[in-house]
Amino acid sequence: MSTDRALSFVDAIREATDQEMARDERVLLFGLDVDDPKAILGTTKGLVERYGRERVFGTPLSEDAMTGAAVGMALAGLRPIHVHIRMDFVMLAMNQLVNMAAKTHYMFGGQESCPLVVRSIIGKSWGQGAQHSQGLYSFFMHVPGLKVVAPSTPYDAKGCLAAAVRDENPVMFVEHRILYYQRGPVPEASYEVKPGKARVAIPGSDVTIVGISYMQVEALRAQRYLEAVGVSAEVIDPIWLAPLDVDTIAASAAKTGRLLVVDNGWSTCGASAEILSAVYEKLQDSRLPKARRMAFAPTPCPTTPSLEKLFYPNARTIAAAAYDLVKGGPRGWLPEERADLKDIEFKGPL
Amino acid sequence: MLAGFMKQGDTALNARLYRALYRIRRVEEEIARVYPTDKIKSPVHLSIGQEGVAVGACEALEPHDVVFGSYRGHAMYLAKGGDLRRMIAELYGKVDGCARGKGGSMHLVDVARGVMGTSAVVATTIPNAVGYAYAIKLRRERRVVVSFLGDGATEEGVFHESLNFAALKKLPILFVCENNRYAIHTHQRQRQATEDICGRVRTHGMPTERIEQNDVLALHGAARRFVGAMREGAGPAFIECMTYRWLEHVGPGEDFALGFREREEASSWKAGDPVKALGDKMDPATRAQIDREVEAEIAAAVDFAESSAFPSVEELHRHVYR
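Just so you know, the sequences run in chain order G and Y.
Residue 101 in my numbering sits at position 101 of the first sequence; the count goes up by one each step and never skips.
Residue 15 in my numbering sits at position 15 of the second sequence; the count goes up by one each step and never skips.
So that you can see chain Y by itself, here it is in the shape it has in the complex (with noise of 0.2 Å):
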């Protein structure tokens, strides 16, 4: 998997996204380890195993540029730049959160980061995604815009709207999928009569790329590749990403004893978690310095969330309408 980086030989690069990776990832662990105390007071879809999606794709971006993602969201809002602290604090349904308490884990927010908020319900900001990009074409604008969403997704109807229009528009939205195969309990082939993501999206007319086995370096080059020609006016492109849920749809533990999935699946998953295998090639030294500032920031965040207080009760009100 690290074949093409080692020729690359891009340090910077891989501290870049072994910190991303790393820091979500401990992110994720730590509100695993929170989560029996009862302090976080919203479901949990956690991104373990797959924060290289987020962190590939969003390595490509510019800050000006937004993502549009789903309820398992918490590695796209901290990849993208989201506020780590707020989103602490929103897990815990704090009023320093995001969205204020309001939202929690399947509605993270930072507008100035990027982060344009993600929804519970399926596919639902794919099409929000899709504006946004109409928005910034009709401006004259170099921005960009991501759309996380899952397998699942690919088969709403709004999915295929939505690829339609954009390709009609010749829209500046990349399109990411992150396929983990199973939608909750159920696997993509009790699903789909054929598995070809990528063959149903080049008939909207815009070109795709299949990334397999979690290839975060691999994913980073096709979404720079893409993002590129679209700040020249290039189209929509989609992406497919292979990768795998280690935990249960939602909450903190796994869900192999369901009987849905083997643990042996999981096995060449976890051979090949990137974010060991990107650290293993860091200088030590080096390593160890973004270990000991990610845990510290992650130990800041905690505390902010468990200071911060609860909204008040006429918080209940307010923000129904501008």
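Bound-form chain G, shown alone (with noise of 0.2 Å):
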């Protein structure tokens, strides 16, 4: 679908979710603040103007009751989509998350679903610490039953809402904060980017760069470092972690013979792990890439500028990285940062 109509990625979310509404009464939006004046950063703007204080409504500080009067809203019949401004606060409702959702439709022997989408937002940069900080999904990625979907783009922000929110099971959409600032051709009419298909956003013949969520953005600026320099990576964004088109990443790894998976969460048991596992057993009758995690610190998220930009992969060191594999052993390069390419910062004040 082509357009020349750029939206933010704020206002994707908030164009998706407006449609959806109104095409679907069943629908409803809730959670913490998105009916107060900041709207949740904008995302939910507009809305309960347009559809009133029963389908649009701020919750109390419940997000474990909330989550399973979610649960409970599917199970009769509407399509809730309950929002938590900080991805961390999802953690309260874990039981709900895991016990009920995810288990819903099997434990009932098919009797009902449970179609539920949780929007979470994961922050960084500007001392937001180690509780508004973290990218959570692997968690969810390891429970049957429930999706889960990381968009980069505004393109995808909106198709991929309009497609959770259409999903019969619960989806577990994470944004990342950052990713807000971007802005991108952004169709108007609705459109869904379905379950299961990630996306070749550059095509490269050395490397294999994957980047989720927000260090898809990194993962592409460190493409152009490269380029720089002679290496051609290829920059596959997975789009959805559940279910994952292991087949599209291990395509590209088996072609280029190196994989370099950038994830915005923790390596251990993380996203990434499951990434290479799952290429390294698709292709284990072949030649077996080169390959190799980049994630966060193994450390809380500090507050202070001076080691925050330790914790985070960034463009530099993922080309850096990604310079090591094609070229074989630690070569010591890094790139001098670049104007063109440098990381959009939150400033603050919150």
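Think of the hints as simulated: they come from the structure by calculation, not from any bench.
Any given hint could turn out to be false.
Okay, the calculated bits of chain Y under chain G, using three or more residues with CB under 8 Å as the criterion [claimed, not checked]:
| hint | stretch |
| --- | --- |
| 1 | 106 to 117 |
| 2 | 159 to 166 |
| 3 | 249 to 255 |
Note that CB positions come from ideal geometry on N, CA and C, so glycine has one too.
Put the complex together from the two separate chains, hints included.
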């Protein structure tokens, strides 16, 4: 679907929600502060006025009960969207998501299903710290019955949210706050980016870089640094983490012979671990690619900028790791920072 | 206990309550009898002694109303009209079970009869029931939801979160607390600084009523009043029913030998057993007729479960996603 219209990630989410609520009166939107003046950084702006306080409402500070209520609404035939301004807060709702939503269809022998969307936002930079920065989606990838999506472009944000709302199963919809500043082409008409299909964002031949969520942006910048030194990187956005499109990633890794997975979470038992092992299982009868993971430092996220900058992979460190995979061994190459490829930082104040 | 009933003189109600109570009692006894044969492939938390809570509350409901409950859910499932044959088949792990053999005793469900499911994790279905009630209110329906929970569930944070939201939005939901005093083997006074559950609930802004001594008729009366008001737009209400678990937490036997409670404690509850009390007040011929019908139904349900097949291998992967 081509378009000349550019939208921010924020407006893409808002528009998808608006269109789904207009299309289907069973769709509800709620969560802490969805109806307050800041409207979840603008993603829920104007929806109370349009759809009323029964379909769009702020909730008590009760993540556990409100997730349970969302499950009950889904059982009653509604299509709830529950919003968390921090993914860290979703930990208060694990029982309902893991023990109930994920198992409703199976445990009740197919009598019921649980069409529920849980939106949650990952924070970064300006001292957001240990409990405002976690990308915890791998917890949910682990559990059969849940779907997980982490779009990185405004186009995918709109299409994946529409697909999530229309899905008959619980979907964890993961947003990265830094992506909110992105703008990109977004068609006005409604469309779906369906589960289980990755996208080759940039084709290349020397190394495959998979970037998850915000790390897709850093991977695309790394591709530019690498291009400047004659290394051709193929950059893949998995988009949906569960179900995961192993075929696209494995085919690329088989072609380039080198695979670098860059996650926006920790590596141990994380999305990068899953992607790597799934690719290796798929390719085990052929030549296996050289592989590496990059992820959060194995620490809680510190607030001070001097340490926080070491906590995250970035375009330059990704480029350096990819370069080493291609050239073999640590070459000690780290590109000079380019103004056109600088990280977008959230400057605050909150 | 039966004074209210005798004044009321409602023989039809008496017969309905007796049939429901006796049926659940006999189903549970039959499960306990079969259990040692290992034909039942699922841990069972029997409702013997507590049947009156589910029966008294569900008798106030219409078929289109819905209930949510806990792992001690056989009584609720049957009282709300859940299919007995599919329940026994579920316990046997058979494909004709209500959850196709994939849920077991702790996850009974019969959506067509308004049994929306039960959970093995204490308090988990309380907010599910609240969410369902929100949907009912949003759609301007005259249905109600009953959330069955135990005294232990009132200690979970989600219980209070759920009551607050139900009261805030004036939802058509009746919370029915089965207080059998024990969370597995631990008495309420070892778990709660004060035993006044109703007092705590009232601070959330809803009316409460405490039913003493397993009084089915008093519970039924309170449930009818609350449910009737809800259909006219009143908000949530809470009933605490004092009751007693005759058997062990899980399994078919008694647990007095463990030493955490005395057999003596059970005697007053057994003396006031509503199954016997209501049965004794009935016309003997009518009672015998009900008993015969219940026995035949149970025998047929066991036959149904015995003759049903175990799920085929492809069932393992079915119903993970819709």
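Handout entry: Given coverage of the stretch 106 to 117 of chain Y by chain G, checked by CB-CB distance under 8 Å (3 or more)
Key = Holds: 6 residues of the stretch 106 to 117 of chain Y have a Cβ under 8 Å from chain G.
Handout entry: Verdict on chain G covering the stretch 249 to 255 of chain Y, where coverage means 3 or more residues with a C-beta closer than 8 Å
Key = Our answer is that it is violated, as 0 residues pass the Cβ test (under 8 Å) against chain G, missing three.
Problem - Coverage claim, chain G over the stretch 159 to 166 of chain Y, checked by counting residues with Cβ within 8 Å (three needed) - result: holds (count 4)
Checked against the numbered hints given earlier, the structure breaks only hint 3 and satisfies all the rest.
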